[in-house]
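Engineer: Chain by chain, the residues run as shown.
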Amino acid sequence: MAENKNSGGTVLKGAVIFNPVLIQLAGLCLVAAASSDVITALVFSVVFMADTLICCFTASLLLKKIPRWLRVAFYLIIGSAVIYPVARASEITGISLNPRMQMYLPLLALNSVTSVHCEQYAVKHSVGKAVEDAFAVSVGFGAVMMILGMIREVLGNGTFAGLDIGITVKLSGLLMPFGAFIVLGYLAMALKWYINKYRPEYNEQTAMRIRRTKVSLRKGKIYEPEESSDDSASSEPDEPQEEGITEMEFLFGNEPEELEIFTEFWLPGEVDAQEVVSDMENMSKEHEQFNRETEQRVEEMFTSLEDSFNFEDLDAVELKPEEEPHTENIFGEDFEFDDDEDGKGEDE
Amino acid sequence: MAEQNKKTLIEKNRSLFADCILMLIALCIPAVYYCGHRAVLVLLASVGTAVFCDLVGGLLFYNKILLRDLCAIFTGLAVGLMLPATVPYYVPALACAFAIFVVKIPFGGSLTSPVVPAAAGFAFVTVCFPSQVFSFPTSGTTATGQFVSGTSLAGMLQKSSSMHLEPISVSDILTGSVSGPLGTCAVVLLGCLVFLLIRRPRSFISTFGFMVACSVMALLFPRVNTGALASLILELCSGSLFFAAVFFITDPATCPRQPSRALFYGIYAGVLCMVSRYYGIYEESVCFAVIIANCSWPAISNAVDRIARKRPDKKKKEAQ
Chain R
93 MAENKNSGGT
103 VLKGAVIFNP
113 VLIQLAGLCL
123 VAAASSDVIT
133 ALVFSVVFMA
143 DTLICCFTAS
153 LLLKKIPRWL
163 RVAFYLIIGS
173 AVIYPVARAS
183 EITGISLNPR
193 MQMYLPLLAL
203 NSVTSVHCEQ
213 YAVKHSVGKA
223 VEDAFAVSVG
233 FGAVMMILGM
243 IREVLGNGTF
253 AGLDIGITVK
263 LSGLLMPFGA
273 FIVLGYLAMA
283 LKWYINKYRP
293 EYNEQTAMRI
303 RRTKVSLRKG
313 KIYEPEESSD
323 DSASSEPDEP
333 QEEGITEMEF
343 LFGNEPEELE
353 IFTEFWLPGE
363 VDAQEVVSDM
373 ENMSKEHEQF
383 NRETEQRVEE
393 MFTSLEDSFN
403 FEDLDAVELK
413 PEEEPHTENI
423 FGEDFEFDDD
433 EDGKGEDE
Chain H
205 MAEQNKKTLI
215 EKNRSLFADC
225 ILMLIALCIP
235 AVYYCGHRAV
245 LVLLASVGTA
255 VFCDLVGGLL
265 FYNKILLRDL
275 CAIFTGLAVG
285 LMLPATVPYY
295 VPALACAFAI
305 FVVKIPFGGS
315 LTSPVVPAAA
325 GFAFVTVCFP
335 SQVFSFPTSG
345 TTATGQFVSG
355 TSLAGMLQKS
365 SSMHLEPISV
375 SDILTGSVSG
385 PLGTCAVVLL
395 GCLVFLLIRR
405 PRSFISTFGF
415 MVACSVMALL
425 FPRVNTGALA
435 SLILELCSGS
445 LFFAAVFFIT
455 DPATCPRQPS
465 RALFYGIYAG
475 VLCMVSRYYG
485 IYEESVCFAV
495 IIANCSWPAI
505 SNAVDRIARK
515 RPDKKKKEAQ
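Heads up: the protein sequence lines correspond to chains R and H, in order.
Add 92 to a position in the first sequence, counting from 1, and you land on the number used in this note's numbering.
Add 204 to a position in the second sequence, counting from 1, and you land on the number used in this note's numbering.
Next up, chain H with everything else stripped away, as it sits in the complex (with noise of 0.2 Å):
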């Protein structure tokens, strides 16, 4: 029986890293829309690469294929819609390498994996090449092949605290139409949402969390002074929040399955989100924020656990 029930659980998880892929892949269009053949070329690169260490590592370490699974593929979308258009092709490659070899392979495969490979492969190159990670282009330079250095919404609220939204047209914000990484179109992510509520609604719980967890304190703790609205829309706007809440909050390895510590797991990972932006050293640390929340939450639950297990029993010996 153990057997069967683990074959299903494998069905679930591959059937949940199809429609991430879906997604993602609707993403992809105005990235290769906005940056133009080099957003191909990094999505390519990096795709590539998951998909080549996961089939060396399956076969290395376990003597099977692991690709049906579709972990590599999303992985590698995930990290080449993270990274900006005009990054060296190497710093993909070597994200989703970390990835799959170090974070995938050696726990077990996509359902065991403690952390999601996908940012834990972001948060190396961030660590080894900062300042490719975090060079955007200028919205619109790179489609024409010129590179021009651009500041993205995160490094303006990471340096800046009189920020308006006059300058920063809404619409373009919302379309993706600013500097940034590629998978930043708000639009699209708000349409992934939606199709996250519709065909998954379990795991739109600890996103809902996430966001409002985000929004909450964007509104409590603005970093711009020119209002609760401008903090609101460029904090959930800016880098890859609105992402890794889509995409890296609802992991099946990661997340917990009862809607109530899936909800409690969102807001606990959105509130580090936060704290890790206002303190962190980076522009974008939302993958920091996701990592500590995979690595501690199941400590925090136990903790809960053990606290609930104990009030009962204090109660009865009391009473007695």
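Here chain R stands alone, though its shape is the one from the complex (with noise of 0.2 Å):
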């Protein structure tokens, strides 16, 4: 994002490309809360976008020299400093605040958002850039804060910024979170669909990167690798038998050996490309010596098998008619899943 000096794609990237809601996915709590109606929404979008700006700005100007846990604090302190004043405004003029607004409003002092682009990129970055951050990621905010806002109000209540529309038929669940969670999960596939699609260079930067932990899988189990190296040095694997069979054993074959499965999480965005690149090449190095050792494997099970078979005996094979796969076979000792299930009555 800093290398880039066009400032015109430096927002599209903070704005459409690393979203701060569809794709790194934070604030969203606020967002489903506060996103009912598009009057909400624009004014959240406002306050967002203003107190993002001045922290942003605060915290390039003067939090760099300042340790990280005191910078918190200022966030909070700016976030306050900015919130107040609308709030103190609406009962100056009377303009009496949506009570959405007013329950929501001071959430935003302290958001996820703010905080986040103030740490990884203000006060990393120079003044201008670190504003130019703050405004493409209020425009990302508020664009999705729009839209859901009026998804929500023309398809749950009838009405466009308090204007009836005419629909009859209205959904009024998706007023409520559950909705605006729907409608930011298709929000976000959709934007996906567009990365992907047009912009491929970003798909591995905007993809929900997962971290890979090793885990052992014992006929139904699956352990930690910590928990694991315990049970390899005991003579028993802990009676994991009476588990049954898992959805994974039963997909990947019933062998006890060591599995890569996909179990942490880290967000799209707030993690350098070059991390990611040299995380890629570790991976693709670790399969390629995992493939090698397979290979070696199959080898030296094949020159064994070739070693010990006499192939003096080999006239005396009579060709037999094939015998019906056995479950033991494919799914090890205890496997009874829905064989039972076709009316068979075979073990019950």
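Among these hints, one or two may not hold up.
Claimed, not checked - Among chain H residues calculated to face chain R with C-beta under 10 Å, some are:
no.	residue
1	F305
2	V306
3	F328
4	T330
5	V331
6	A434
7	I437
Hints were generated in silico from the structure; no laboratory data involved.
None of the values given here were measured: they were computed from a predicted structure.
Note that CB positions come from ideal geometry on N, CA and C, so glycine has one too.
With the hints as a guide, bring both chains together as one complex.
Structural biologist: What follows is the structure, encoded as structure tokens:
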């Protein structure tokens, strides 16, 4: 982001490609709670933009040499200083805020989007770049809020900005938070589709990157690495047979091999591209090594089979009709899944 | 091998849905008998929308037709049978569209959906259109084209605490000749239960746990003060509790496969169902209970696993 000197490109990146809500998944609760209508969404977007711009500007200008633990407190103070006048102005002018706004506006004082961008970008870059980034993020956040507010108000309430537009079938469920999350999910899907199709260079960076942890799978139980090492030291694997068969075991077989399972998440856009690339390289190296080891094992197995096989007995071998496959060969000893479900009553 | 196993799983899943569709068709017969052409139209709207959405969603998201898993037909029939005959046609259509487009398709199909699509669809229309979903006609009036508003057993249970069985014939309750959703004929549902026991004994385990939990809760904490038996019959035969026990608790994607776990899952869902009935704002909240059970069961199961896994280690350490 910092390397791109084109400001339009930076804004596009921050607002669309690394959208704080749809791609970085920050501030979701606030968005879901406060985007039930267009007017509320607009007010929140404007206040958010003011808050983020001032926070990032201050962080870049003044807070670079302050310790990190203290900076977060400053963000809170700045956020409160921005939001308090809005609430106070409504009291003075007599313009009553929507109850939803009154409830959720204070949440903007320390929202995760502003804090993350102040910490990860503003304090490491110049004022101009920090403000540019803050503007891009605010535009992205505001756009999502407005689109979400529009969809929810039109479909859920049958109005647009408070005006009746004549929709008789109102899906009032969309006005609830679960409706917001459903719409957000579809918006995120649409944005990812756009990136995949028209901006393929950002595929990796905007994907939900997942960190791998090794676990050991033994007859239906998943062991974490530390515990699996303890188990391997002991002679018996803790009677895992009583567990039955898992989905993973069903799909990948029953070998007590170590599998690499994706468990931990980090948010896209919060890691450097260099880090992602190096991680990918490491992954590919590990996969290559694994393939080499597997090939070696198979080769050894074949050579041992060739050694033990007596070719003179080949003439004596009679071809027999193929036997029916037994479930034990595929699924392990305890596998009974769904065989009895056909009504044959084999084991029941 | 993984591909082969997956194909086997899909085949088993389809076979299970085929059985469920057979049972649902049996349940449609009394619904059509009592409610006439209106029931047929509601079911057609529901099944048609589900099939259409599944077709469009499959082509749009996966570029293939997903209809072969029969989940769409099952969802359409199940949603239709949980609604009253007088419901506007857009309600079952929206419920099925929600079930397919929000629950089934985005999560990868019927094998991997985290909650039962039909339950989610019904819950959605319950939240959006509670007045239409819970306005039941008096039995026998829809067949003649006249709609007389009635009160369902679940509605009575929610409002009244001094209900007797005398004014309501038990035979009417069992044959489904009372105000309520289309698929409430208890006799046919009992037949479905026997069918399930014969055809799929493992699926029956969770249903058994569910029914036992609901029965025990109904006996221990009756909502009516006219006896435990009245409470038991009214609770089990009202609303869609029995229906959910047969069709939703046995869903292959969400029900645990190990028998002991399936039993506990059924008990857990049953307790949740009764609690939501006691404290819920809607007269029928079994779908919400099913959804909560679907979502929370994996976490509970994993927590139990961890506790069970750590115990022997502690004992070993203590022994050392």
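Engineer: Check each numbered hint from earlier against the structure, then list the numbers of those it violates in ascending order.
Structural biologist: Going through the list in order, the structure violates hints 6, 7 and respects the others.
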